[in-house]
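Those sequence lines, one after another, are chains S, P, Y and L. Using full-length UniProt numbering, you'd call the opening residue of the first sequence number 1 and step up by one each time. Using full-length UniProt numbering, you'd call the opening residue of the second sequence number 1 and step up by one each time. Using full-length UniProt numbering, you'd call the opening residue of the third sequence number 1 and step up by one each time. Using full-length UniProt numbering, you'd call the opening residue of the fourth sequence number 1 and step up by one each time.
Careful: at least some of the hints might be erroneous.
[Said to hold, decoys possible] Residues from chain P that keep clear of chain S, each with C-beta distances beyond 12 Å, as calculated:
(1) Pro24
(2) Arg39
(3) Glu58
(4) Gly105
(5) Leu116
(6) Gly123
(7) Ala187
(8) Ala210
(9) Ala252
(10) Asp279
(11) Asp281
[To be verified] Just so you have them, the derived chain Y footprint on chain S, three or more residues with Cβ under 8 Å:
(12) 34 to 48
(13) 252 to 260
The set of hints was computed from the structure by calculation and includes no laboratory data. We treat Cβ as the ideally placed atom computed from N, Cα and C, and that holds for glycine.
4 protein chains.
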Amino acid sequence: MKATVLGAAGYVGGELLRLALGHPELDVVQATSRRHAGRPVGLVHPHLRHHAGLLFTEPDTLEPVDVLFSALPRGELARVHDRITSAARTVVDLGPDFRDPEGPGGAHYVTGLPELYRSALAGATRISVPGCMATAAAVAIRPLAAAGLTRDDAVVDARTGSSGAGAEPSPATHHPERQHAMRIYKATGHRHEREIARLCGVRARMTVTAVPLVRGVQVVAHLRPPRPVARAEVWSAFRDAYADEPFVRLVAHRSGLHRLPDPQFLCGGNFVDLGFDVDDDGLRVVVVAALDNLVKGAAGGAVQSLNVAQGFEERTGLEFPGLHPV
Amino acid sequence: MKATVLGAAGYVGGELLRLALGHPELDVVQATSRRHAGRPVGLVHPHLRHHAGLLFTEPDTLEPVDVLFSALPRGELARVHDRITSAARTVVDLGPDFRDPEGPGGAHYVTGLPELYRSALAGATRISVPGCMATAAAVAIRPLAAAGLTRDDAVVDARTGSSGAGAEPSPATHHPERQHAMRIYKATGHRHEREIARLCGVRARMTVTAVPLVRGVQVVAHLRPPRPVARAEVWSAFRDAYADEPFVRLVAHRSGLHRLPDPQFLCGGNFVDLGFDVDDDGLRVVVVAALDNLVKGAAGGAVQSLNVAQGFEERTGLEFPGLHPV
Amino acid sequence: MKATVLGAAGYVGGELLRLALGHPELDVVQATSRRHAGRPVGLVHPHLRHHAGLLFTEPDTLEPVDVLFSALPRGELARVHDRITSAARTVVDLGPDFRDPEGPGGAHYVTGLPELYRSALAGATRISVPGCMATAAAVAIRPLAAAGLTRDDAVVDARTGSSGAGAEPSPATHHPERQHAMRIYKATGHRHEREIARLCGVRARMTVTAVPLVRGVQVVAHLRPPRPVARAEVWSAFRDAYADEPFVRLVAHRSGLHRLPDPQFLCGGNFVDLGFDVDDDGLRVVVVAALDNLVKGAAGGAVQSLNVAQGFEERTGLEFPGLHPV
Amino acid sequence: MKATVLGAAGYVGGELLRLALGHPELDVVQATSRRHAGRPVGLVHPHLRHHAGLLFTEPDTLEPVDVLFSALPRGELARVHDRITSAARTVVDLGPDFRDPEGPGGAHYVTGLPELYRSALAGATRISVPGCMATAAAVAIRPLAAAGLTRDDAVVDARTGSSGAGAEPSPATHHPERQHAMRIYKATGHRHEREIARLCGVRARMTVTAVPLVRGVQVVAHLRPPRPVARAEVWSAFRDAYADEPFVRLVAHRSGLHRLPDPQFLCGGNFVDLGFDVDDDGLRVVVVAALDNLVKGAAGGAVQSLNVAQGFEERTGLEFPGLHPV
């Protein structure tokens, strides 16, 4: 399939390029960036230096392709949507424009989260990948909500690395201010609360902290079950939901150093690791989910969704497992 | 006052030395370390290199002093307590041995947390400094608990740097495993839960994460008030409690980069920064407290408590405010 | 080819497992670790958690295999070498035991550095991979030495991440001491000086600094040419040597952010990036080489050498390019 | 002395405020920032939050003061110099405008580096503090150059944290690009080469690397003596130069973890640590100097110079020693 990446100079765009260039079914024919048009992609994305012949192009002229990935910022894909869709049979959007099925155009897009929407994704040609924190929270909470193991609200503590803020410098991501930050930049009222509610039917009372990482999202959801629950019930709910998922790993060891999900080991990989613990009185379930915000939370989720939509083996192009140590 | 530091080769011991060496009322006459006896303290604590004449000594022979600070590990001070108390009129313990007033010997010790126990500390000669996470949580929660603004349990999310684990190498603090860790090493059942309950009368449902910092503790307490509360009520409760405290700063800005407490700016200083936010429906109060675990959470808290006990100006020897950037 | 990894619980061992498990020509049949025998490899190497069925085994019983990778510490492979070689047709050693061709057994081993020894590696069944800093320095210096562009000694400044020290905790790698270290642990007399001299015929006056990274080696070689040289001569020497190398990238841009090699973008990948600059008077050439010490400097170099020895396409199993940002 | 800080919202300005607010002989009456005029300094410098009454003011109206510290960017102090000097008896400039004694106005300024210019500083009312890397390099090289232990050029490898680039965000200091950078941003031709030549009479062939730190400069100078030298000769040259210096510590241990200067332990303090090693053949001396670029390399050097100029005890206001661990 011929593929274009729109907004290819950003961090999500760079990861889309990396994954698409290594995907046996995809052939990258265009990578757009208004600012860097004419320069090799490797000048902006040093990990792609060896693709010396691949240059950024202006987004104004689009080659006809089979699939178009968009990593454009909020509002920009919606603005040029008609032109886009005439150039590409399949559109996979990684931005927020079409995430809300009740928003303008949203009804035409399927949620690009195979763990929750696999059957709807089969054959889909319009795919909207959820936000990275919403993905982690939804994977963490939905099976327990579905099993009746939580009341209708949950404290959701989300921790995020700096790459989630994008490639544009700002005071918030200036290195001397950010390297050692534990910055609670949104203690209440985060707009992903609505997305989580939609994906798993639970009110999330979110608090988001920028932590001293570049990549990685970790979500800690504190759920209050309506009655005391046992660990086995929680295991069972997660196993029922995810036992066959190629990219969900259940991690809840009783010993060893790495007993619960930690995003560090997921850098570059498409896994979402999932684990939990239960208070001694059974009245709080702590669920932990971790992922790489640029991969499973963006570019990897997009490729995985495309694989499902096209009927490719779901792991295709997503084999890199992450690193240890890192 | 002549002063001894027991367990002076650890991180808390090193900070006690730094603070005591800079304190105009204290004269350090002994710094003990069995392992390093005979060596200059600067070999272990490079920030004290210029004190070339101060050598570690064996702990077996103690000079008679006015005040003895103990940074010994769990159980060791209790074991030699009689010998200690005959050598020093005042004992300030930074370990856990006498924290529990109902534990052996605990009834003789006053809690070394002036913000909560100032009047009891006046004239005290036995002082036990609480744990760093308990200090942060108690300062955060107690005023709201006292004002009836929380129900009887709270989700307490504590984040801690690596120095809290002490100076002894271990797999958990091996740099390649720890530099990028978001390691939830205690999701439930942390033993500080009891200490917090004692200090502020609320059940803390704690989850503790080791984060990529060396110094610093940040506590995020999610409180559920029994009725919707307004921001002004919370402000009022904190102001009533802490307006005159020299080391508590209220930080809850509506704009700017640093709106809520972040431990990075507190490194080396004795402040505990305190802030909060309230969900739009008034049904969750998010309280954030930050401190340097080795200073306000240990050595600084000890010196501040001694200042109160001895009637010195409370800030004496604790003037260093922290750094920015860091 | 059936493959065994000896010493599979260390960091190099973990990377050998990752690469071998993703290599289409290799089938991992054994991963040894005395300490962790019987446990899944994913408990030690969280990035391999999804290989739930692969357990560490005792090293005392070795399956007959086609290729054995050894990541054993100094001296241990030599000690059991006879037993090893009866169990495996091809041995690839990543330790130091057989690096010196004049040391015991060394004459039977070919240096596992295809950029310098490709023809000797064809068909080889005994391969010894050089040390990570020696690899970077040799790739950097040899073409200029061969072209007569340097006098007989060079200042070689090597910077290394903490993973190079291995998986065993020690005071030097204790996180609070290491996270912000710029620790010159060997200012003179490093034993890689001899290895570099052997690989490129130049006396290296090395200074080694432990820097605040987990992965990565960066070598800055300051060469004094016997006469003023121009940039074009240096370019020419490097192009002649490396233009066709699949894993050497020449990086010496005049503009942009990433003008010279930086190890951060190489994490997990097998590239060695190489660049340079020349003083205005032409009397100093600064050559910079960067690589991932666990991949190109160890496990990746081993797999690349095996690919050459066996006649596989040289990139097989080494396609992951690294990440940006990271 | 009444004191003003010009350019008080930058990082050097913030450290000037911290030091001046803690200096018993200084009374801060004005802190200027055009951008932040009217806001409390603590909004920009969180470590100064407790100075709630100190607000930034416009730089256009200057109070008459005894001493004015300028942390203005290149060219700005020179532009308003006449107005400045009519408002302040003593001017201490931390920018580059008057560093060159042969540049415009430079002849009136004394170099603010007491270790090299103490006698000239006594009574001085115009002081220009050298750049942070030049300070470290000059302290490292000058005694050996004076003793004839080096030839006329030296390889100077300088490593710098991100705070040296100032408080203004840029692509080079965007956290995702900078957190793990080993970025050689100036391999040759750095403009501090001239400043070093002026301060110590040796051509410095500099290479500058941005390393993953916020604070700290470390300089490694590789000197080639004209004949083989012994360690004792080098010790002797440094002792002769610095034995009585309050802020120079000689650090060259044969054992232990911290054998050579490392900037991490100097954060916030005014020390420059200095150490060295010698190749076995005596033909290379490796000198290492470390300091906090914002303190000894800027604000602390300024206060120390003022202390000398005014006849205050040289350590006044500079007692904070740094931290361990950090």
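Outcome of the hint check:
no., hint, in the structure
1, Pro24, "31 Å, holds"
2, Arg39, "31 Å, holds"
3, Glu58, "35 Å, holds"
4, Gly105, "28 Å, holds"
5, Leu116, "24 Å, holds"
6, Gly123, "38 Å, holds"
7, Ala187, "4 Å, violated"
8, Ala210, "9 Å, violated"
9, Ala252, "9 Å, violated"
10, Asp279, "5 Å, violated"
11, Asp281, "9 Å, violated"
12, 34 to 48, "holds (count 5)"
13, 252 to 260, "holds (count 3)"
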